[in-house]
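Colleague: Build out the structure end to end from the sequences listed, making use of the hints.
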Amino acid sequence: MIKNYLAYPIQLIILILVQVILLNNIQFSGFINPFLYIIFILWLPISTPKWLLLSLSFFVGISVDVFSNTLGMHASACLFIAFCRPYVLNILAPRDGYEANQQPGYQDFGFIWFISYAAILTLLHHTFLFFVEVFRFSDFFSTLGRILASTFFTLLLIGITQLFKYNSEAR
173 MIKNYLAYPI QLIILILVQV ILLNNIQFSG FINPFLYIIF ILWLPISTPK WLLLSLSFFV
233 GISVDVFSNT LGMHASACLF IAFCRPYVLN ILAPRDGYEA NQQPGYQDFG FIWFISYAAI
293 LTLLHHTFLF FVEVFRFSDF FSTLGRILAS TFFTLLLIGI TQLFKYNSEA R
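Numbering-wise (the working numbering), the sequence shown opens with residue 173 and increments by one.
Rather than coming from a laboratory, the hints here were simulated on the basis of the structure. Among the hints, a few may not be true.
[Claimed, not checked] Pairwise CB distance ranges, derived in the manner of DEER restraints:
#	residue 1	residue 2	range
1	Asp-268	Ile-198	33 to 43 Å
2	Asp-268	Asn-197	39 to 49 Å
3	Ile-193	Arg-267	34 to 44 Å
4	Gly-269	Phe-307	36 to 46 Å
5	Ser-227	Asn-273	13 to 23 Å
6	Ser-310	Leu-178	45 to 55 Å
7	Val-304	Tyr-259	31 to 41 Å
8	Pro-266	Leu-189	26 to 36 Å
9	Asn-273	Gly-331	37 to 47 Å
10	Ala-265	Leu-226	31 to 41 Å
[As the list claims (entries may be wrong)] List time: in silico SDA-like cross-link candidates among lysine to any residue, alpha-carbon distance up to 20 Å:
#	residue 1	residue 2
11	Lys-337	Gly-282
12	Lys-337	Ile-319
13	Lys-337	Thr-242
14	Lys-337	Val-190
15	Lys-337	Ser-288
16	Lys-222	Ile-211
17	Lys-337	Leu-184
Keep in mind it's a predicted model, so treat the numbers as computed, not measured. Glycine included, every Cβ here is placed at the ideal spot set by N, Cα and C.
Modeller: Rendered as structure tokens:
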């Protein structure tokens, strides 16, 4: 149990470093922007108290903002998905409900459940982030294209990362 709580800060540092050093520099003609760091919020245990979920999400977002010079856009998008996460979990809840300290992932809930969960929250994050970034509806369709393309690419990275995590836990 303690091992799990020690792993979260290490995961957070690694994800933020990967995001700001590698993924922030990957943009396909300014259209696709992968944001893998949100997987930290997705991986938090289901029974995480709301105040802690919001606090950690703000910290994750503001950390990316500091290194990306984006003035709170990532922090507000992370807070938005942290606010929406309990509702998404309620919608996707299995018939028997969730167990205490259960962590969202392939191994406990299956591939379809996790991809649905990740897709909804990633789409919400990207929609919020890109519309805050543009802050106008005149470029609605180009922003919508960026949202969908970035969501797809981010989900691909999340799926690959989840497979690596699942394979390392299976050993």
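Colleague: Hints first: check each against the structure and report whether it holds.
Modeller: Status of the hints after comparison with the structure:
For Asp-268 and Ile-198, the hinted distance range of 33 to 43 Å is satisfied, since their beta carbons lie about 41 Å from each other. Asp-268 and Asn-197 have their C-beta atoms about 44 Å apart, which keeps the hinted 39 to 49 Å range intact. Against the hinted window of 34 to 44 Å, the Cβ-Cβ separation of Ile-193 and Arg-267 comes to about 43 Å, which satisfies the hint. At about 40 Å, the CB distance of Gly-269 to Phe-307 agrees with the hint of 36 to 46 Å.
The hinted range of 13 to 23 Å is satisfied by Ser-227 and Asn-273, whose Cβ atoms lie roughly 18 Å apart. For the pair Ser-310 and Leu-178, the supplied restraint of 45 to 55 Å holds, since their beta-carbon distance comes to about 48 Å. Hint check: Val-304 to Tyr-259, Cβ distance near 20 Å, so the stated range 31 to 41 Å is violated. For Pro-266 paired with Leu-189, a C-beta distance near 34 Å keeps the hint of 26 to 36 Å intact.
The beta-carbon spacing between Asn-273 and Gly-331, approximately 23 Å, falls outside the hinted interval of 37 to 47 Å. Checked against the given bound of 31 to 41 Å, the beta carbons of Ala-265 and Leu-226, roughly 21 Å apart, lie outside it. A C-alpha spacing of about 14 Å is found between Lys-337 and Gly-282, which places the hinted pair at or below 20 Å, so the restraint holds. Of the supplied pair hints, the one linking Lys-337 and Ile-319 is violated, its CA atoms being roughly 26 Å apart against a limit of 20 Å.
Taking the CA atoms of Lys-337 and Thr-242, the gap is near 30 Å; set against the 20 Å cutoff, the hint is violated. With a C-alpha separation of about 16 Å, the suggested pair Lys-337 and Val-190 falls inside the 20 Å cut-off, and the hint holds. Taking the CA atoms of Lys-337 and Ser-288, the gap is about 18 Å. The hint holds against a cut of 20 Å. For the hint linking Lys-222 to Ile-211, the alpha-carbon distance of about 17 Å falls within 20 Å, and the restraint holds.
Straight-line distance between C-alpha atoms of Lys-337 and Leu-184 comes to about 14 Å, which keeps the hinted pair within the 20 Å bound.
Comparing the model with each earlier hint shows violations of hints 7, 9, 10, 12 and 13; every other hint is respected.
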